[in-house]
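Following the hints, put chain B in place on chain A, whose structure we already have.
Protein chains in written order, with my numbering: chain A, 1 to 325; chain B, 1 to 325.
Everything labelled a hint here was simulated from the structure, so no lab data went into it. Treat the hints with caution; some may be incorrect.
Just so you know, same-sequence chains aren't split out, so a pair can sit in one copy or run between any two.
When the alpha-carbon atoms are kept at most 20 Å apart in a straight line, the in silico SDA-like pairs for lysine to any residue are as follows [as the list claims (entries may be wrong)]: (1) K263 - S26; (2) K218 - G150; (3) K263 - A241; (4) K142 - A24; (5) K263 - H294; (6) K21 - P314; (7) K142 - K218; (8) K298 - D106; (9) K142 - R269; (10) K166 - P314; (11) K218 - Q195; (12) K61 - A24; (13) K21 - I43; (14) K21 - G261.
2 protein chains.
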Amino acid sequence: MRDTIRIGIAGYGNLGRGVEKAIAQSPDLELAAVFTRRRPDQIESEAPVVPVEESGDYRDKIDVMILCGSSANDLPAQGPMFASQFNTVDSFDLHARIPEYFETIDAAARKGSNLSLISTGWDPGLFSMARVLFGSILPMGKTYTFWGRGVSQGHSVAVRRLPGVKQAVQYTVPVPETVERIQQGETPVLTPREQHMRICYVVPEPEADRGAIETAIKTMPGYFADYDTTVHFITEEEFAADHTGMPHGGFVISTGITGGGTKQQAEFRLRLENNPEFTGSVLAAYARAVYRLHREGKTGACTVLDVPLGYLSPDSPPELRKRLL
Amino acid sequence: MRDTIRIGIAGYGNLGRGVEKAIAQSPDLELAAVFTRRRPDQIESEAPVVPVEESGDYRDKIDVMILCGSSANDLPAQGPMFASQFNTVDSFDLHARIPEYFETIDAAARKGSNLSLISTGWDPGLFSMARVLFGSILPMGKTYTFWGRGVSQGHSVAVRRLPGVKQAVQYTVPVPETVERIQQGETPVLTPREQHMRICYVVPEPEADRGAIETAIKTMPGYFADYDTTVHFITEEEFAADHTGMPHGGFVISTGITGGGTKQQAEFRLRLENNPEFTGSVLAAYARAVYRLHREGKTGACTVLDVPLGYLSPDSPPELRKRLL
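With the rest of the complex left out, here is chain A:
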């Protein structure tokens, strides 16, 4: 039995680098290779960098491949391809398409006798676990998911595409009064506007019509029209100084009534200074679990809801019972 679990990283953007950093913090995990569609000499990693087409040569050298491509553009094709060759972990996050993606990956993984864990990270992932846990324990309850304060890439891109916008970032922020009400035990039905607000920091082009930009943002259907949106115009220097981080977070909160009419509340909260590094740490821990479950004979697709928590830890079950139970 080998001492370490050999990990491959497929895709080397922010998430891939986050996974590499997480592996460096985990003595039982070893980064065997990074796979890329770019020219390998463009990638700076401690590990060997290999063109993605050559991944087949690594079937005996990698225990779990962590897929770090984008859910929209990479995973629908790369996911099944890798799942037929390797055990895999990915962060597929297009909620509506998860059932279909699960079936596709399940078939590919079974064909290769591999195990593939899809859609982990923090949402989907840890927040999904909180939703299922809270809903199972408090069936007469209501569960809310709040995101932020944090950067939404999709909304930031939507603002950047507007004419006259040089640079922009959008923060999703839970509405404080609503959070207060829910923590006090109220269980209201909420509109999107009551739950989150949106704050944009925009660097305009010189000469740009700021009023027109602000109106275009606030009325944008699907992205901003249903929310209270604030637009701040800032300089490039301010943008560089204050808005290039990737903070995020949020919380899942559930209030339920148990038999005697008493209120019970559970809350799971994340405060993240760097979203891709945290997500990478989640993926690395699940790679450990996938390796173990596969050794026990499990194959096909699975999710965070199928994995006992003890499998995430490098420590043995007796050690965990003694120290953390």
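Just chain B, lined up with the frame of chain A:
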């Protein structure tokens, strides 16, 4: 295949009644019988009430027995006895003795080809899960467990035993300044005094020496001497009006550093109006999981760290993937 999972409750105190109420909220669970050492006609339950000595007659009528006796007095003997006859779930909470209890239950359950889940509830139980999850994802981190604001039975009893005390309750409360520091991302080493404070409400006997009572409480070794303790003297009426509930709660919080030196924080928090009703709801959900895992062939002892979260839900895996992942 039966439509419902047949549950037995062994021990009918606050926790047993909490489990009964949780079962009433769960259409897939059915209370088959309550087992007691008291005279059955002293127990008011919707279900048949049976002397505990006759439990053997119910081996074919119960899928999971939920053990609601005390960890100090009942479970060490009752646990193995029931585990050899039934699948069981219990809330054994003497942390230091868990490894030994696990081994004893494991042997008994294997002998009966049953599955026994020990030490669930919220701590040990949900808080243990948070500690393992957070520690696995953030290995370069520090995890704290805070209890309260809530009633500690052990400390309340210790005060009630003092001469001159007619009635008393003790609340354990996290120190607000410390909570603030930790939520801000500090990771200090904490003394007990820095982490929790203790607040006592005491109904003195007429003529009792209040100063002597207060001194006896504040200097009591093991219970109060290491904490900042506040003692309030109140009337019997005030006690009855404000201090007969069983609120509790607390939180597990972990702050970790990921590769780039960034701070990441995870927090799991409970705010409970009624501790035994919530604990009963946790035990009921785990009874569902134990039933399913046993049907898959799992036997012996296990803990919350061995159970995939999806097994707690009455919903099917495809339904959970679609709706909650």
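Now for the hints, and whether the structure bears them out:
For the identical chains of this complex, K263 and S26 are inter-copy neighbours only, at 17 Å across copies versus 40 Å inside a copy, given an alpha-carbon limit of 20 Å. Taking the shortest alpha-carbon separations for K218 and G150, only the intra-copy value of 19 Å comes in at or below 20 Å, while the best inter-copy value is 46 Å. Within a single copy, K263 and A241 get their C-alpha atoms only as close as 45 Å, which misses the 20 Å cut-off; across copies the closest is 19 Å, which meets it. With identical chains, the CA atoms of K142 and A24 are at most 20 Å apart between copies only, with a shortest distance of 18 Å across copies and 40 Å within one.
Taking the shortest Cα distances, K263 and H294 never come within 20 Å of each other, neither inside one copy (41 Å) nor across copies (32 Å). Within a single copy, K21 and P314 get their C-alpha atoms as close as 17 Å, which meets the 20 Å cut-off; across copies the closest is 38 Å, which misses it. Taking the shortest alpha-carbon separations for K142 and K218, neither the intra-copy value of 30 Å nor the inter-copy value of 42 Å comes in at or below 20 Å. In this assembly of identical chains, K298 and D106 lie within 20 Å of each other by CA distance solely inside one copy; the values are 12 Å within and 24 Å between copies.
In the homo-oligomer, the alpha carbons of K142 and R269 lie at most 20 Å apart both inside one protomer (17 Å) and across protomers (16 Å), since each shortest distance falls under that limit. With identical chains, the CA atoms of K166 and P314 are never at most 20 Å apart, being 46 Å at best within one copy and 51 Å at best between copies. In this assembly of identical chains, K218 and Q195 lie within 20 Å of each other by CA distance solely inside one copy; the values are 17 Å within and 46 Å between copies. For a Cα distance limit of 20 Å, the shortest separation of K61 from A24 inside one copy, 18 Å, qualifies, whereas the shortest one across copies, 53 Å, does not.
Taking the closest pair of Cα atoms, K21 and I43 come within 20 Å of each other only inside a single copy of the chain (15 Å); across copies the shortest separation is 59 Å, beyond that limit. Proximity of K21 and G261 under a CA criterion of 20 Å is satisfied inter-copy only: 10 Å between copies versus 47 Å inside one chain copy.
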